[in-house]
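Q: Listed here are the chains, written in short residue letters.
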Amino acid sequence: MSTTTNGRSYKAQKVIDRMGQKLTRQMVGSLAACVHCGQCTDSCHYVLSNPGDPTFAPAYKADRIRKLFKKHYDWTGKVFPKWVKAGTVQTDEDLEELKDIVFGKCTNCRRCTINCPMGVDLATFNRMARGLLCHVGIMPEGVEYVAKEQWEIGNQMGVLKEDYIETIEWQEEELQDEMEDPNARIPVDKVNSEIVYVINPREIKHDPRSVLDAAKIFYMAGADYTMPSEGWDMTNFGLFNGDDELGGAVAGRVYDKVEELNGKKLVISECGHGYRSTRCEGPNWAKKDIAFDSESSVITMLKYIKEGKIKVDKTKNPGSYTFHDSCNNARSCGLTEEPRELLSLVVDDFREMYPNRAENYCCTGGGGAMSMAEYRPSRLKSAKVKADQLSATGTKTVVTSCHNCVDGLTDLIGHYKLGMDVTQLVNLVANALVVDEKIEENRKIHSAETSATAAQ
Amino acid sequence: MSNLLHFSSHTLQEIALVFMATVYFMRVRWFLKWPLAKERQPATGMGDTNPKKGARYSVGKIAMPWAMESSRNKPLMYAQFVIFHLGVVAAIGLSFIIPYGPGLLKSAGLVSLIQLLTGAACIIGVFRIIRRITNPYMRAISSPDDHFSLVLLTGWFAFAFMAAPNNISSGEGVMLAYFMLTAFFLVYVPFSKISHYLYYPFTRTYLGRHFGRRGVYPLKRTPA
Ligand code: SF4
Ligand code: SF4
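Residue numbers (the working numbering), protein chains in the order written: chain C, 97 to 552; chain D, -19 to 204.
Hints are not guaranteed to be accurate.
A short, non-exhaustive set of chain D residues, derived as facing chain C with CB atoms under 10 angstroms [as the list claims (entries may be wrong)]:
#1 ARG36
#2 ALA88
#3 ASP126
Pairs of lysine to aspartate or glutamate, EDC-like flavour, derived with a Cα cap of 16 angstroms [stated by the list, open to error]:
#4 D:LYS200 to C:GLU437
#5 C:LYS286 to C:ASP352
#6 D:LYS18 to C:GLU437
Everything labelled a hint here was simulated from the structure, so no lab data went into it.
In this text the structure is predicted, and so the values were computed from the model without any measurement.
For glycine and all other residues, C-beta sits at the position ideal for the given N, C-alpha and C.
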């Protein structure tokens, strides 16, 4: 390990120096205002699932970052370091230890934030600390890999353009088959569309059914929409690794493409961190004011039903359902009511989960945790409170509006043998669609066309 | 009244107050020099809130124990918090009443109220000291400043309780201790976590504006 003249490793020195550039007044307030009252302790799923281990307490974790702030940027810590628990990082090993806390013991879910009487927002400065570490190359391997994919290929799962287009074409064929309409399309790069629809690469790689379901809904609604061939990934690893530059670049690609296509509205498929990144944080990271409208596909689907553009039949979705609020949707974007309204229109038996909405527990796979294999055992152990919360609903299916939560919940449901399924609203809405009339109409058109061709 | 008591209850307090105000001024200036993160995102949520509403809710949340799970689920902790802070108000008030409006303390009712609040706050202080030492979570997050500040406040409450009748017929010891402690308290506070109330309006307003814009504050929930 190479060191600076003061004996500190170069990386540690860089982390300290860069902290000063990254701190905002909001963060400084959060770093200075904690009174160590402990009110936030029980709000964290890590604490609740690991009783007796105070190192999971939000204030304890926050203090691992706060000590640096106190020592290097707050004069109380400069004058009386021990008195206010100010401290520093000296070696790369110290940074590795910090990495295990900021990545491995916190999903940046913000549940402690809404439970702190002082308004301390740990998740925001925890993200900043992640960014400082990533900047000097200290991060979980999975985080490094995914961030690299997003920088280099333009989406976080390394989906190549040809694979993306091929999958859309495949789903277009499925759509044509299901709707019995050879003219049904999933348009790509159509200019001047009302809607530009962006998705999570997981939909291309692992869940193409969601692309088809969304296409069916757009088809039935007669929507004027397109999917972009570039800038289609609305997820953003910049939110997880604390890299504002990556965040701005990824969101910027989406915005640029919408502008290039002259789209009127950006519709973001169901993904908590994607929605937060593209709808909320992206303009801040990209330092760009967005000139077009954008909304979650949940809102779009709800509007279609309310405006009578699509008809749904809730009896097509039998069984019991509960709803899991993604942290990013609920605690950072206020998307809590529309999903419930939509859900109650497409299923009969909806049972609320407690606590819910902005007070819901994290799926425990948030903050990029699903990409950090080294923390999986601890993540699943810390999912106990979520597992209890799910099983208390007595339902068979948990619905969520987030691809990341689908994975996080599926993993913990398997681990705790809860025997539940996980699905998204797009799947339920598509399943509940009343399509018979339309298919009948398509058949008539098709047979008329066939007879016309035969007559020629 | 001896010269020492007069000095302690007047000049010393004034010097300490000026000192505290100066340090606070510097502290706020330092704080305001940090750049405010700009929010560019278009508003989210149901459209039933905005940054102003969010900020009002956020600042007022302290008086709405039902609005925060951490206080809702622990009503006793919340009650303690309220009494403890009312004790602070009473003890501070007393440090002004004795030198500048001693006539007010002829009211037995006011003396009893101050004693009730400072006495209760003192008992809560003792409870909090025990909790901070014995509860492993509290111990893990506590700094020497946290412990010292709590002991200091608890001791100060005890002396405020004894000083409230403003009676020096049986000696000035209690009054002297109360005013000396108050002066020390005023000098120490800006360097300690007790100065949290300086940040409170800022942190809560920033968070409230942020969550108001995002449609998160005021929180919505369906109770169990
Ligand atoms: S609730 Fe807030 S002030 Fe209290 S310990 Fe937690 S972060 Fe600090
Ligand atoms: S942000 Fe969430 S995971 Fe992190 S400490 Fe707070 S409650 Fe725990």
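Q: Next, verify each hint and record whether it holds.
A: Here is what the structure says about each hint:
A distance limit of 10 angstroms between C-beta atoms decides the matter here; for ARG36 of chain D the minimum to chain C is near 13 angstroms, and the interface restraint is violated. Evaluation of the ALA88 of chain D hint against chain C yields a violated restraint, the C-beta minimum of about 35 angstroms exceeding 10 angstroms. A cut of 10 angstroms between beta carbons decides the hint on ASP126 of chain D: the least distance to chain C is about 5 angstroms, and the hint holds. A distance of roughly 14 angstroms separates the Cα atoms of LYS200 of chain D and GLU437 of chain C; the hinted pair therefore holds under the 16 angstroms criterion.
Of the supplied pair hints, the one linking LYS286 of chain C and ASP352 of chain C holds, its CA atoms being roughly 15 angstroms apart against a limit of 16 angstroms. For the hint pairing LYS18 of chain D with GLU437 of chain C, the CA-to-CA distance comes to about 33 angstroms; that exceeds 16 angstroms, so the pair is violated.
Hint compliance for this structure: hints 1, 2 and 6 are not met, and every other hint is.
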